[in-house]
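Undergrad: This is what each chain is made of:
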Amino acid sequence: MGAVKVLAISEGAELVRRCRAGDGAAWEEIVQNYSRRIYNLAYRFTSRADTAEDLTQEVFVRVYRSLDQYDSKQGDLQNWLMRLARNLIIDDYRKRQRTPHDNHADDLADHSYHLHSRTNTVQQEMERRELGVQVQAGIDKLSPDLRTCVILRDIEELSYQEIVDLLRIPEGTVKSRINRGRIELAKILRRMKVVAMSET
Amino acid sequence: MLCLEFENQLTDYIEGVVGPDISRQMAEHALRCPVCHETLSAVRSTVEACRVATVPMPSRELEARILQRTIPASAMSCADFEEYLTDYLDGFLPANLYHRWERHAALCDNCTELPGEVVRAIGACYTYIGEEQPVPVGLNERILQATLGTIVPHEVRAPWTSRTASWLRYWLDPIISPQLASVATMLLVAVLVLTNTVSADGSISGLYNKSLQLAEQAGGKSNVEVNELSDDLKQLVEPKEQKPAPAPPKEEDNQQKEQNKSDTKPTDTGKR
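Which chain is which? The protein sequence lines are X and G, in order.
Residue 95 in my numbering sits at position 95 of the first sequence, with consecutive numbering throughout.
Residue 154 in my numbering sits at position 154 of the second sequence, with consecutive numbering throughout.
These are computed hints drawn from the structure, not numbers from a lab.
As the structure is a computational prediction, the values presented were derived from the model and not from experiment.
Please note that the accuracy of each hint is not assured.
Said to hold, decoys possible - Among the chain X residues that face chain G by a calculated CB cut under 7 angstroms, a handful are: (1) Glu-28; (2) Val-31; (3) Ser-35; (4) Asn-40; (5) Glu-53; (6) Gln-57; (7) Tyr-64; (8) Leu-131; (9) Gly-132; (10) Val-135; (11) Ala-137; (12) Tyr-160; (13) Arg-182; (14) Leu-189; (15) Met-192; (16) Lys-193.
Stated by the list, open to error - Just a sample of chain G residues kept apart from chain X, beta carbon distances all over 12 angstroms, derived: (17) His-29; (18) Arg-32; (19) Pro-34; (20) Pro-72; (21) Tyr-98; (22) Arg-100; (23) Ile-143; (24) Ser-211.
Backbone N, C-alpha and C fix where the C-beta goes; we use that ideal spot for every residue, glycine too.
Generate the whole structure from the sequences, applying the supplied hints.
TA: Structural data, given as structure tokens:
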């Protein structure tokens with residue numbers, strides 16, 4: 001996924017050990033390796049660039065303070081980091097849902113779905129980006145519970161059991177929310193296409 | 001035979017149920033009349049085509065429509081259809097639900113397109129996985145400032161002892177680690193074996209004491225052997241001088257010795 005440099009378990013353990021010893025360069029390497037992925041995860045939950053940036057920064061501060069808890073015997077650094085990041089981002093997402101605020105994605109408010117006549121490669125690139133924006137807009141319209149499960153399953157590619165462990169809800173509930181979330185997302189995307197086609 | 005009669009007998013002739021006379025007349029007429037000959041060929045090919053023609057399969061909706069008309073209770077509702085959609089895509093539906101689900105997908109206008117749309121939505125999500133946003137400008141620096149207190153991480157360095165240990169570990173670990181484990185195991189086994197076989201009480205100190213005793217014994221024995229060896233060497237080295245032969249003992253000396261022996265016997269007995 002993306003340009004994350006894959007570190008071996010020993011490399012990750014060595015980086016953490018150097019960080020604990022006070023090596024700033026080691027911490028910088030960790031930040032550069034994982035900031036993009038964590039930022040994108042935060043963006044997919046919040047749909048706002050500024051909120052995603054703040055959330056990413058909070059995640060790394062928490063990670064920095066929790067480095068002593070990392071044990072290489074329990075898995076590699078990436079898994080530990082992403083597990084921690086998902087927990088923090090989902091907790092923050094739930095808190096935001098309890099606080100009424102403008103939940104619409106400002107980045108997608110004035111988006112246009114028109115496809116202009118261009119060459120094949122450029123048009124395909126445009127369509128691909130359009131699709132990504134549509135998916136984000138569609139996910140943004142889902143209810144929080146369904147949105148969380150769809151992101152974790154179909155974007156983060158977690159297994160059912162991993163989602164159960166993360167959200168601490170029964171597996172049947174997880175499957176039901178994923179199913180309902182996918183159906184709702186499909187209907188939303190269909191409506192978007194109908195709107196796009198009617199405007200062309 | 002006239003053409004009308006030929007046409008009337010045509011089917012029986014093709015199927016081979018006419019008598020020999022009629023069959024001969026039909027054959028002769030077909031040879032003489034080109035129109036009836038063409039008719040005979042066309043009918044034969046048509047009958048053959050009918051025999052080999054395949055029956056088109058009925059549509060999937062036919063079975064569903066029949067079941068819906070005859071046993072409507074077995075039909076699945078739209079709510080149940082949506083409920084089982086992910087299980088169907090994952091292949092987890094049991095057989096009875098599977099067929100009912102497919103029948104509903106075939107018949108219900110509201111639900112027919114839904115499975116395809118959901119699959120496309122999932123595909124769109126997978127495509128979206130690769131569409132990662134770049135890290136905003138300055139975000140990494142803000143993270144470093146919030147954690148290290150500086151945006152220049154190289155200013156924060158570990159103590160030189162830690163750096164040296166890290167350097168040593170980096171270079172020596174791949175070499176030493178595999179061998180150290182086997183060496184340590186062998187040393188442990190050797191100590192366990194020695195303490196059980198040599199030491200009187202099976203302890204390390206017992207092993208030490210025992211080894212000291214062995215060393216002393218070996219040292220004492222070696223001194224005796226050294227002295228004997230030196231005597232032998234001396235005998236070999238000293239010049240060969242013929243010593244005078246001892247004088248034969250006199251008889252008076254022998255008798256005196258025998259008396260001395262008889263006198264000393266009771267004393268010897270007392271000493272024992």
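Undergrad: A separate judgement is required for each hint: does it hold in the structure or not?
TA: Verification of the supplied hints:
1. With its C-beta approaching chain G no nearer than about 4 angstroms, Glu-28 of chain X sits inside the 7 angstroms limit, and its interface hint holds.
2. Because the beta carbon of Val-31 of chain X sits about 5 angstroms from the nearest beta carbon in chain G, less than 7 angstroms, this interface hint is met.
3. Contact between Ser-35 of chain X and chain G, as hinted, is supported at the beta carbon level, the nearest pair being about 5 angstroms apart and thus within 7 angstroms.
4. Because the smallest distance between the Cβ of Asn-40 of chain X and any Cβ of chain G comes to about 5 angstroms, under 7 angstroms, the interface hint for this residue holds.
5. Because the smallest distance between the Cβ of Glu-53 of chain X and any Cβ of chain G comes to about 6 angstroms, under 7 angstroms, the interface hint for this residue holds.
6. At a threshold of 7 angstroms, the smallest CB-CB gap from Gln-57 of chain X to chain G is about 5 angstroms, leaving the interface hint in force.
7. Interface hint at Tyr-64 of chain X: satisfied, since its Cβ lies 4 angstroms from the closest Cβ of chain G, which is below the 7 angstroms cut-off.
8. A cut of 7 angstroms between beta carbons decides the hint on Leu-131 of chain X: the least distance to chain G is about 6 angstroms, and the hint holds.
9. A distance limit of 7 angstroms between C-beta atoms decides the matter here; for Gly-132 of chain X the minimum to chain G is near 4 angstroms, and the interface restraint holds.
10. The interface hint given for Val-135 of chain X is met, as the beta carbon of that residue sits about 4 angstroms from the closest beta carbon of chain G, less than 7 angstroms.
11. Interface hint at Ala-137 of chain X: violated, since its Cβ lies 11 angstroms from the closest Cβ of chain G, which is beyond the 7 angstroms cut-off.
12. Look at Tyr-160 of chain X: its Cβ only gets to about 10 angstroms from chain G, farther than 7 angstroms, so that hint breaks.
13. Against a cut-off of 7 angstroms between C-beta atoms, the interface hint on Arg-182 of chain X holds, since the closest Cβ of chain G lies about 5 angstroms away.
14. A distance limit of 7 angstroms between C-beta atoms decides the matter here; for Leu-189 of chain X the minimum to chain G is near 6 angstroms, and the interface restraint holds.
15. With 7 angstroms as the threshold, the beta carbon of Met-192 of chain X stays out of range of chain G, its nearest partner Cβ sitting at about 11 angstroms, so the hint is violated.
16. For Lys-193 of chain X, the suggested interface contact is broken, since its CB lies about 10 angstroms from the closest CB of chain G, more than 7 angstroms.
17. With a cut of 12 angstroms on Cβ distances, His-29 of chain G stays outside the contact zone with chain X, its closest approach being about 68 angstroms.
18. In this structure Arg-32 of chain G is separated from chain X by more than 12 angstroms, as the shortest Cβ-Cβ distance comes to about 69 angstroms.
19. With a least beta-carbon separation of about 61 angstroms from chain X, Pro-34 of chain G lies farther than 12 angstroms from that chain, consistent with its non-interface assignment.
20. The beta carbon of Pro-72 of chain G is kept farther than 12 angstroms from every beta carbon of chain X, the shortest such distance being approximately 25 angstroms.
21. At roughly 16 angstroms from the closest C-beta of chain X, the C-beta of Tyr-98 of chain G stays outside 12 angstroms, upholding its exclusion from the interface.
22. The Cβ of Arg-100 of chain G lies farther than 12 angstroms from every Cβ of chain X, with a closest approach of about 17 angstroms, so its non-interface assignment holds.
23. Separation of Ile-143 of chain G from chain X is inadequate, the least Cβ-Cβ distance of about 5 angstroms not exceeding the 12 angstroms criterion.
24. Consistency note on Ser-211 of chain G: stated as away from chain X, and its beta-carbon is indeed over 12 angstroms from all of that chain's, at 42 angstroms minimum.
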